[in-house]
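J.: Following the hints, position chain B against chain A.
For reference, the chains in residue letters:
Protein chains: 2
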Amino acid sequence: MRWNNFDGLAVYAKLAREAGRLKGFDYRAVLDEARVRLYETPIAAGLTFNYAAKVVDEGLLAVLREAAAEAELAAKYRALLNGEVVNTGEKRRVLHHLLRGQQGKAVFENGKDIGAFYAGQLARFTAFADDVHAGKIKGSTGKNFTQAVQIGIGGSDLGPRALYLALENGAAAAGTQKLAAKFISNVDPDDAAAVVASVPLETTLFVLVSKSGTTQETLANELFVKAKLAKAGLDSAKHLVAVTSETSPLANNPAYLDSFYIDDSIGGRYSSSSAVGGVILSLAFGGDVFKAFLRGAAEADKAALEPDVGKNAALLDALLGVFERNFLHIPYTAVLPYSQALSRFPAHLQQLDMESNGKRVNRDGKPIAYQTGPVVFGEPGTNGQHSFYQLLHQGTDVVPLQFIGFAESQRGDDVEVDGSDSQTKLKANLAAQIVAFAKGQSNAENPNKDFPGGKPSSLIYGRKLTPESLGALLAHFENKVMFQGFVWNINSFDQEGVQLGKILTKKVLSGHSGDGALDAYSALLGGS
Amino acid sequence: MRWNNFDGLAVYAKLAREAGRLKGFDYRAVLDEARVRLYETPIAAGLTFNYAAKVVDEGLLAVLREAAAEAELAAKYRALLNGEVVNTGEKRRVLHHLLRGQQGKAVFENGKDIGAFYAGQLARFTAFADDVHAGKIKGSTGKNFTQAVQIGIGGSDLGPRALYLALENGAAAAGTQKLAAKFISNVDPDDAAAVVASVPLETTLFVLVSKSGTTQETLANELFVKAKLAKAGLDSAKHLVAVTSETSPLANNPAYLDSFYIDDSIGGRYSSSSAVGGVILSLAFGGDVFKAFLRGAAEADKAALEPDVGKNAALLDALLGVFERNFLHIPYTAVLPYSQALSRFPAHLQQLDMESNGKRVNRDGKPIAYQTGPVVFGEPGTNGQHSFYQLLHQGTDVVPLQFIGFAESQRGDDVEVDGSDSQTKLKANLAAQIVAFAKGQSNAENPNKDFPGGKPSSLIYGRKLTPESLGALLAHFENKVMFQGFVWNINSFDQEGVQLGKILTKKVLSGHSGDGALDAYSALLGGS
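Protein chains in written order, with the working numbering: chain A, 646 to 1173; chain B, 646 to 1173.
Some hints here could point you the wrong way.
One copy or any two copies: either way a pair holds, since identical chains are not told apart in the list.
Said to hold, decoys possible - With a straight-line cut-off of 25 Å between C-alpha atoms, the simulated BS3-like cross-links for lysine-lysine are: (1) 757 x 936; (2) 947 x 659; (3) 956 x 736; (4) 659 x 871; (5) 883 x 783; (6) 1152 x 1094; (7) 1094 x 736; (8) 1151 x 1109; (9) 1109 x 736.
Source of the hints: derived by calculation from the structure; they are not laboratory data.
Chain A extracted, bound-state conformation (with noise of 0.2 Å):
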């Protein structure tokens, strides 16, 4: 197996050379019903990717089939599976498919089955939720727990409570919400503050999360949270739990009521499916929603194995994605659900994207010649469309579209307004806006009602969005980044981008920057 660049492999002057003959690509001569039933493929769990909107066609498809070839792609998810190390920078292993099923061979470290590790963890923190459940873990003054707050940042905040949010509905309908939950993440005091101010305390039980258990924001949250827990009389030690390493000062601490335990192979973004998301799903939802969760991602992630680019939705998506970034020079990508549920869900992809793949050096350390991670952002539809999509349809460049949709709605409470319900018109929308992008509408005497079309866009869609199609929904974006990362020959894996400000925030907390331009700012901000 060879880690080359991009620019080293002899697809990528193939690829140049495809773009120049779809240039001009007409949208609106192509895009027929026949096209749009030819190009999709399932992803899993019910979810398919239609593809039928983006600059495409059986010539540039074999193309790509090479450029999977060629990088040997299908063998380098396979490497990581397998527990290889392909966090080049960090040393590590890259295991979070592990947390969903045993898709490779196991992996040991010092002898210890790592895959046995991770489902001895989601068997302790399910079985820890059903006992609060079942009222026999109570807060400190013997009250059963209702709410569920987690601190953390990053990883251990937008992947989870994005995935609260797309759940939460379900739940309420089928009537099996167990505890509400809420997030504290910021190290703006007004965010805990507030926080802490809108839930009863008395029976609250907060999520600590951080690998590291030194992460700056969450230690200074838990610290305000264990502050008013006192002042209420509370004993802290019974309404915190951790998520941590076993290695960290977090870990089998008795000021915790119990700890459960990731390691260096699950990265922050994508640690949504260990315990950083486990428990505080499992305390809101129950254990099952959560397993459920990982039976969708885990049918996706076997999917990704197909080595077939045509039958492959997440190594498809991945490298329509790199012909639009390398070749046709577009520098970010909007995703856009119709579903309300999903409203947080771009804020994580943008985690996951841009912090895996907005590098400049390859993954020996070396600089590279190409573009990598475009910028990633999005909003739910159809409240888009009465905001950027303006800019979209007739702004001055092309901003490709992921669309997301679904046939049901999660609760079933509708009303039917002039002949159709909103579930019907939302569905309505999305379908009208994926051809009025693609397609445009000409008009020679108003060029300002004239829309020109030509917006690539891509559509994942599903019957329902359940706990089951989230999790194909999230491995599917994750797989999706992984193989353009080993398109790009990056490591998706590492954030040496986060060091720099940590250093010089530091140097400011001490007095002694040692810099001009940043004492005077910290000044003007009133700082130390």
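T.: Only chain B this time, still in chain A's reference frame:
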């Protein structure tokens, strides 16, 4: 006053030359304490705009002054204030400034003084809110209202929601919160169902907001809410107020407790200063808070009249943004508030900027040959530091950054950890990021730990986020976007780009789309 295309101005070529001269502008060498202190100008209400970390020097500032003069930006702003029809597409005036105070001449429409009309509405809805708070206006079972829920989408949602979240902590700290507020926007039925299930219907007052009274999403959600009220045995006419235009079907309609009016001179994304934002904010916090917000905005509007670019923060911010967009060829900008209370402010700015300036024809409807509005995205810091900042620091492209920060928290409820409180840590992080982005840090031994720097940023800072400073902050960005639209010679006040989707949606819903692809997408989604 002449309305010329940007590339028809003499200064266009000069700006291009400036970009060449400033290529490779060395931040490391120039960003020192003196520059930080020199390159800033006040906004209003205690806010200051600092641009020391931008690609700018005295030479460029001189050319930006020429640009402002040649494009007659101050005169165009004054014409807008005086009621000239600058919304050329829809042939409308643009009068949102007049909601906050009269900076120009009195404006009359068919003999009616528009300023007096706006002031009258402000007086009416703040008095209405007073009556609700005093228990003079009650729900249909005779109980005082405890909860307000806004039903609206786009500008009737994003701005008011962002402002509500921005003011909530301050009201909590002062003990002056009157009613809690929530928002229903999406046509996704799960949005309304979730909000309605979470509020006490008997004591909830709904604020229905639609200028035309025909917005598809808002009408569907209104009927959803009315059905729930009826089912609960409540009289919806005593639980709903309308915010609309005087000519809409919602106006002066016995189906509502009361109606408050705006007119066609107030665009949706500029309507937060009108009854669209004012009713819900006055209900939540009292009319005095909303009036303080308007005062801050008026102060910024007045400051934006200053003809000298160096003393006019909105004008300078606008021109620096144009320089980055058209001559440094950067297609996006990130908004990064170091304040959790501003968590949804970037989403509002995304609409404000992208819907206003995402245009490809000039104000006379003629195609233009230069780029207009950028993609805008953002999340609060420090959260973003643990997410997409990796790409901003070490990705392959430059993203300009717009930071916002405050000396004090809103609640003043904080905790000291390791010798500093959280607010101090928050500010230290902000100062550190500005310098890290600008100066970077080279690491020849390990390029993976190398930070190239050279990422331009600006900083808006103030003592505290209050109603006044929030008003100034909003007005600053509205005026910045306005000035950029003037430079680009586009109409920043229409949104024809939303129309095609509406037309195609209707076709789908009617069952007669006449487009095979549209039918096929609709069928995939399980649509009609």
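J.: Which constraints among the numbered hints does this structure fail? Numbers only, ascending.
T.: Hint check: 2, 3, 4 and 9 fail, others pass.
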